[in-house]
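Which chain is which? The protein sequence lines are A and B, in order. First residue of the first sequence: 1, per the working numbering; consecutive thereafter. First residue of the second sequence: 1, per the working numbering; consecutive thereafter.
Hints in this document: simulated from the structure, not taken from any laboratory. In this text the structure is predicted, and so the values were computed from the model without any measurement. A few of these clues could be false.
Claimed, not checked - Below, a list of computed lysine-lysine pairs in the DSBU-like style, where the Cα atoms sit at most 30 angstroms apart:
#1 B/267 to B/146
#2 A/42 to A/146
#3 A/219 to A/207
#4 B/111 to A/111
#5 B/39 to B/166
#6 A/166 to B/267
As the list claims (entries may be wrong) - Partial selection, computed: residues in chain A whose CB lies under 10 angstroms from chain B:
#7 2
#8 62
#9 99
#10 100
#11 105
#12 107
#13 130
#14 131
#15 134
#16 163
Said to hold, decoys possible - Beyond 10 angstroms from chain A on every Cβ pair, some chain B residues (computed):
#17 29
#18 83
#19 201
#20 217
Beta carbons are placed, not taken as given, at the ideal position from N, Cα and C, and that holds for glycine.
Protein chains: 2
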Amino acid sequence: MQIVTALEELREVRLRLPGLVGFVPTMGYLHAGHMSLVKQAKVESASVVASIFVNPSQFGPQEDFAAYPRDLERDLNLLEAAGCDLVWTPTPEIMYPSGHQTWITVEEITKPLEGAMRPGHFRGVATVVAMLFNAVQPQRAYFGQKDAQQLAVIRRMTRDLNFSIKIIGCPTMRESDGLAMSSRNTYLNPAERQAANVLYLALSIAKVAFENGQREAEKLHQTMSEVLVKEPLARVQYISCADPDSLQELHGRVERALLSMAVYIGKTRLIDNIILFQEGNYASHD
Amino acid sequence: MQIVTALEELREVRLRLPGLVGFVPTMGYLHAGHMSLVKQAKVESASVVASIFVNPSQFGPQEDFAAYPRDLERDLNLLEAAGCDLVWTPTPEIMYPSGHQTWITVEEITKPLEGAMRPGHFRGVATVVAMLFNAVQPQRAYFGQKDAQQLAVIRRMTRDLNFSIKIIGCPTMRESDGLAMSSRNTYLNPAERQAANVLYLALSIAKVAFENGQREAEKLHQTMSEVLVKEPLARVQYISCADPDSLQELHGRVERALLSMAVYIGKTRLIDNIILFQEGNYASHD
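Bound conformation, chain A alone (with noise of 0.2 angstroms):
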């Protein structure tokens, strides 16, 4: 496994990896989820890129980008064991020179849930994604589901701006009791990581109610609600039943929805999602 710095060293290693290019995206600080994304570029792709990178773009400035999580050797030795060909570092100071000044901003979707929570957000995502896009010139892009938003927001932006990149979503890793892996699980104390399941438990029990015919989008919004308030350590934040292509908010009979939320447990924000499909109404990206 090679592991890269510069840009122009990252360029040179490029050209000469053979046949369709994978590439898996990353904060670094990886866990199961993001090894699931480097499986699977493995299985459909000649060879697999990753990138480590706390983009400073996407945080707010109350957000927590001093005390993200980050332990290189780990990461380096789980995509070493993954079967990884190369790995780009590169630095804030090569991402964004003094001088830098251009900026992608997706519209509409960026608008509810994330966007709305986190302003800029997305505009950090969107360009950071099309640099690493541009530097690394995959033929497939993987993400988690677990971002749903930002799934969503990459794949307009990859068909707005004609990459030929196929971007391929893949699902949410989570631990024993439901929780959804991420990086920021590690701020939790034992009580609020114990706590932090109530995400999941909304969501399942919101999903049973859809099985079993609720459809209104009143009621699921109020099933997710009524499950979080009897956890203390939660605040929610937002809960949302949404189109899953267009992130608008959903009212009334719904035949498909991306149910989300944000909850704070404690100090930490955590967020999470399903999709809600009837049988043979699922139309996926792909």
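Starting from the known structure of chain A, fit chain B onto it as the hints suggest.
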């Protein structure tokens, strides 16, 4: 020479082009300026791709999108004769299908000059050029120095977003009286056409002053202004003496400068520019 319209068809044909690809993006109605770009691309690349697309998103609501001259048949004949290998002629519906919502902004460098007079213009330019770059995937792309700020914006975007593309600026082509070639010259009636050489006259007289030792930005500005005011058909929109890289207006003593202007001749808005530099003090971008 192959001619394609659909994006999928472009991608297929592009993959079969041999060697390094030089790309000349145009809005059509080609003149000797465009053809000089094609010629340089032909010398430097194994394959030459041109695009013809009058990009609606770079025109303001009061500007000349509908009136912009078009003659596809003539353009294709010129490109074929010049040895172009592939021409892409996308439609607005291909480039901006329903739901398109991704935009690229380049910040500081787009604020003065054309950017100040044409709000949103460079957002449209940066976005369409990125879309063309991603679709065509060239190794080199050619732009005229006539649109000096556009060239600076594209260089900046290319660097900031990590495009692996070399941007090549080519000298402004001029008519025998010095008028910079432009598809918009076709708007001029005979009297206006005669008056239109006042832009280059003003630039040339300021250049002579500079070469004779005049180094004060304000004096160079005044020299251009005095020439332009004598032409009754000319109405100055702006005159500028700016840093060639940052495009910030210069004051006091200058060593290198971009002299530029936008001037209405009747109802037709024309732009022109030259770069002044002391011998041995010109750092090229290439």
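Here is how each hint holds up against the structure:
1. For the given pair, residue 267 of chain B sits about 20 angstroms from residue 146 of chain B by alpha-carbon distance, which is consistent with the 30 angstroms threshold.
2. A threshold of 30 angstroms between alpha carbons decides the hint, and for residue 42 of chain A with residue 146 of chain A the separation of about 20 angstroms falls inside it, so the pair holds.
3. Among the hinted pairs, residue 219 of chain A with residue 207 of chain A is consistent with the structure: their alpha-carbon atoms are about 12 angstroms apart, no more than 30 angstroms.
4. Distance check on the hinted pair: residue 111 of chain B and residue 111 of chain A sit about 26 angstroms apart at the alpha-carbon level, within 30 angstroms; holds.
5. Our distance criterion of 30 angstroms between C-alpha atoms is met by residue 39 of chain B and residue 166 of chain B, whose separation comes to about 16 angstroms.
6. With a C-alpha separation of about 47 angstroms, the suggested pair residue 166 of chain A and residue 267 of chain B falls outside the 30 angstroms cut-off, and the hint is violated.
7. Annotation: interface hint on residue 2 of chain A violated; nearest CB of chain B at approximately 18 angstroms, more than 10 angstroms.
8. A least Cβ separation of about 23 angstroms between residue 62 of chain A and chain B goes past the 10 angstroms threshold, and the interface hint is therefore violated.
9. The beta carbon of residue 99 of chain A is positioned within 10 angstroms of a beta carbon in chain B (closest approach about 8 angstroms), and the interface hint is therefore held.
10. Of the supplied interface hints, the one on residue 100 of chain A holds, with its beta-carbon coming within about 5 angstroms of a beta-carbon of chain B, less than 10 angstroms.
11. At a threshold of 10 angstroms, the smallest CB-CB gap from residue 105 of chain A to chain B is about 5 angstroms, leaving the interface hint in force.
12. Restraint check, residue 107 of chain A versus chain B: the minimum CB separation of about 4 angstroms is within 10 angstroms; hint holds.
13. Taking 10 angstroms as the C-beta cut-off, the interface hint given for residue 130 of chain A holds, the closest approach to chain B being about 6 angstroms.
14. The interface hint given for residue 131 of chain A is met, as the beta carbon of that residue sits about 5 angstroms from the closest beta carbon of chain B, less than 10 angstroms.
15. At about 4 angstroms, the closest approach between the beta carbon of residue 134 of chain A and any beta carbon in chain B falls short of 10 angstroms, and the interface hint on this residue holds.
16. Because the beta carbon of residue 163 of chain A sits about 5 angstroms from the nearest beta carbon in chain B, less than 10 angstroms, this interface hint is met.
17. With 10 angstroms as the threshold on Cβ separation, the claim that residue 29 of chain B sits away from chain A holds: the shortest Cβ distance comes to roughly 24 angstroms.
18. Residue-level check passed: residue 83 of chain B sits 26 angstroms from the nearest beta carbon of chain A, beyond 10 angstroms.
19. For residue 201 of chain B, the condition that its CB be more than 10 angstroms from all CB atoms of chain A holds, with the nearest at approximately 35 angstroms.
20. Every CB of chain A is more than 10 angstroms from the CB of residue 217 of chain B (nearest about 23 angstroms), matching its label as outside the interface.
Violated hints for the displayed structure, listed by number in ascending order: 6, 7 and 8.
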